[in-house]
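Take the given structure of chain D and dock chain Y with the ligands to it, following the hints.
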Amino acid sequence: MPDTPVTTNTGNLALRTLESHDIEHLRALVDDPKRIIVGNAIHEDYSHDELHTLVHAPEVLIEAVSTAEISAIMRYASAKGIAVTARGQGTGLVGGAVSLHGGIMLSLQKMNKFLELDVENMLLTVEPGVLLMEIAEYLAPTGLFYPPDPGEKSATIGGNISTNAGGMRAVKYGVTRDYVRSLEVVLASGEVVEVGGKVAKNSSGYSIKDLMIGSEGTLGIITKATLKLIGQPKVTVSLLIPFPDLGAAISAVPAILKVRQVPTAVEFMQREVIEAASEYLGRPFPDNSADAYLLVSCDGPTRRIVDESVDEIAQVALGHGAIDAFLADTPERQLSVWSTRGTFLEAIKASTSMIDECDVVVPRNEVASFITFSYELQAKHGLRLMSFGHAGDGNLHIYALRDDLDEATWTTRVEAVFAAMYDRAHAIGGKVSGEHGIGFAKMRYLASSEQEPTIRLMQAIKRAFDPQGILNPGKIV
Amino acid sequence: MTIVALIKQVPLTSEVALDPKTGVIQRESGETKMNPYDLYALETALRISQTHGGKTIALTMGPPQAEAVVREAFAMGFDEGYLLTDRAFAGSDVLATSHALSQAIRTLGQVDLIITGKQTTDGDTGQVGAEVSEFLGIPCVAAVQQLLEISETSITATSDTGTTLMTVRVELPALIAVDKDIHQPRLPSYVRMKQTEKRQVRRITLADLPDTDRTHYGLEGSPTQVVKIFPPESNTDFALWTGVDIPGRLYEYLQKEKFLQELA
Ligand SMILES: Cc1cc2nc3c(=O)[nH]c(=O)nc-3n(C[C@H](O)[C@H](O)[C@H](O)COP(=O)(O)OP(=O)(O)OC[C@H]3O[C@@H](n4cnc5c(N)ncnc54)[C@H](O)[C@@H]3O)c2cc1C
Ligand SMILES: Cc1cc2nc3c(=O)[nH]c(=O)nc-3n(C[C@H](O)[C@H](O)[C@H](O)COP(=O)(O)OP(=O)(O)OC[C@H]3O[C@@H](n4cnc5c(N)ncnc54)[C@H](O)[C@@H]3O)c2cc1C
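Quick mapping for you: the protein sequence lines, in order, are chains D and Y.
Per this note's numbering, residue 14 is the first one in the first sequence, and the count goes up by one each step.
Per this note's numbering, residue 34 is the first one in the second sequence, and the count goes up by one each step.
Accuracy of the hints is not assured; some may be wrong.
Facing chain D, from chain Y, some residues (calculated, C-beta under 10 Å) [as the list claims (entries may be wrong)]:
#, residue
1, L45
2, T46
3, E64
4, M67
5, P69
6, L72
7, E105
8, L220
9, P221
10, V224
11, R225
12, M226
13, K227
No lab work stands behind these hints, which were simulated from the structure alone.
Cβ atoms here follow ideal geometry from the backbone N, Cα and C, with glycine treated the same way.
The shape of chain D in the complex, shown without the other chains:
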């Protein structure tokens, strides 16, 4: 806990450390004493997310259960200048859900009710703490489908919306932003607003809803979300396509994306990452013959329609130097490839002492050159890198592995390599984050890659929503 008041980076108001009367007051706002946890009683998990290197404990943890409660807490926090950090499941990768300035951590995990399934309008309204995997389970028997599919299925929908999560079906279906129709938001002041609506289109002024999406808890607290659904695709078939090297694999991607029915996913993966994942899972991968692979998925209403795409994609890939195309057409076969794909991050983490991540997104035709560039950096700086990612949308996940480097060497090398990568991404028209967000970890890269006036606009937006700078201070801008 900070013993002296700290100022936010927007520097408007000194944030206060909580005193005992604040705790008393907050206790009065929360009807169940079990839902307010103070000081050392807060579990260590709540002082970091999946970034792990950024550690800071909140002073008080409140497990909120209603919009009214959150509104009352925000009213108090804004009156008293107390920092409030929203938290879903803490699976974020950029330190977003870490109370950098202490204060209140507002956990949304207990707000996990399904509120309405509007079959006619194909809309689902949920509280923010509902987990992504619960949505999939809930919808399975209904014939309806929520397409976004980020790797971490135990994340909350509130977290997904707040980071504009991407995932494995973005090529065909887009990202979280494309499926949010409306949000209920508690503003910094405690006022409650409903932004967006059940409508399918909307040109009514600035889209506050879209500003909220991807705002990582810095603009307001999301307390309810209405999500757009589509009809469930009945059949999915994946193709595991081996290539002699990554360059060949990546250069086939543009042609694969031009087929008549867009695939849902085009992922790239390399042998060493696959090996790490097989070892981590204790389960061999169905093919080990090649250095690089594309994993492509197609879905559709019938096997025959899907097979047409599969055929077209396999032909295109073979025409672009693929060695073969392996079919994962049953649940078991899909599991054998996708469970390995799904565990890459955990496996890389387990294979070394510490990792740092770069989640850049670049124009699709720059993916291969970017990976090649990262290899040059690996050799030049003596820092081991592993990568995989969404080739179909140019979003790379490149990990630096610390292995047995000492702290100082690790820090210097990571900084040098990351600075070079973000510079390069910027130069070729890329962006700092494709899907994990800025949080704390990527702030300086955002600052140096966006134009000055753009950053000023972002700061002004932040001030407009949160003049005192109490919402998740020290993040994004």
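Positioned in the frame of chain D, the structure of chain Y with the ligands alone reads:
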């Protein structure tokens, strides 16, 4: 070495619902797939033939559309494939199925090794392998977890009997039923699928078998009588304990119900 893998086509989803009143199987869609356990048989056969040379043959008994699983075996790398099909086989129980399969194997010439899966996801008896070997009068090793040694004349395997791992050597020809996860099955190859598109899946009918007596096949040849089909009862009773020393009470309970054994 000539290796025959026995494979079966099963419904795509393994959750086959039974109508609790009539006991009739409710198949939601006609979609099918290869019995997933048979993928391990295919993979084992392919690995042996890759290291020891020889020919791989896939054999299935089923309706004409079961040809699809043989084509899939081609796409995985099998050399030859046979579909054992005839109206006379309809309604076969395990005995009649095994008799028919063993008869078909007799038409294939010299066969050194027969490999089956552990069980199917529909019939699920796990008996076909053993019965085929009995009809052929050859040794059978079930629940094979690992192959230790393969020679021209014998095979040494580890079999998991549930409580014991048993290492057995049998003379060839023999039949082995391999366990799940003996090897990671390869995926069917698109290139092979195209290359084998025109390859024939040979049909074997009753007339081709050494034993052409109809009464040995199908319903007539099936001594099993299905008296009743019903979903197994599921028990959702539970007790909720609150208060002190739950771990202690749980320990006593598990001991009383004989879930715990004293360590020797
Ligand atoms: C193994 C693994 C795989 C992953 N794969 C992907 C992937 O494929 N694609 C992808 O995009 N991400 C991925 N992630 C990152 C992570 O899962 C996502 O960022 C996810 O959206 C975070 O959800 P959460 O509930 O854990 O949010 P948290 O980590 O708790 O919070 C994330 C941010 O959102 C804010 N926030 C949370 N809830 C609210 C709310 N109700 N109102 C306002 N602000 C809120 C927090 O303050 C924080 O800034 C992965 C992470 C892991 C560990
Ligand atoms: C009275 C009766 C009538 C029946 N009528 C029918 C019917 O009309 N239609 C029907 O589909 N089923 C019918 N069955 C079910 C059928 O007998 C079994 O499905 C069949 O004997 C295989 O047994 P299993 O599925 O338990 O295989 P298991 O013994 O569990 O299978 C073990 C292994 O044997 C091999 N194997 C099993 N079946 C075959 C096969 N067909 N071809 C090649 N290899 C195989 C595979 O390698 C498999 O992994 C009937 C059963 C009874 C008792």
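So which of those numbered hints doesn't the model satisfy?
none
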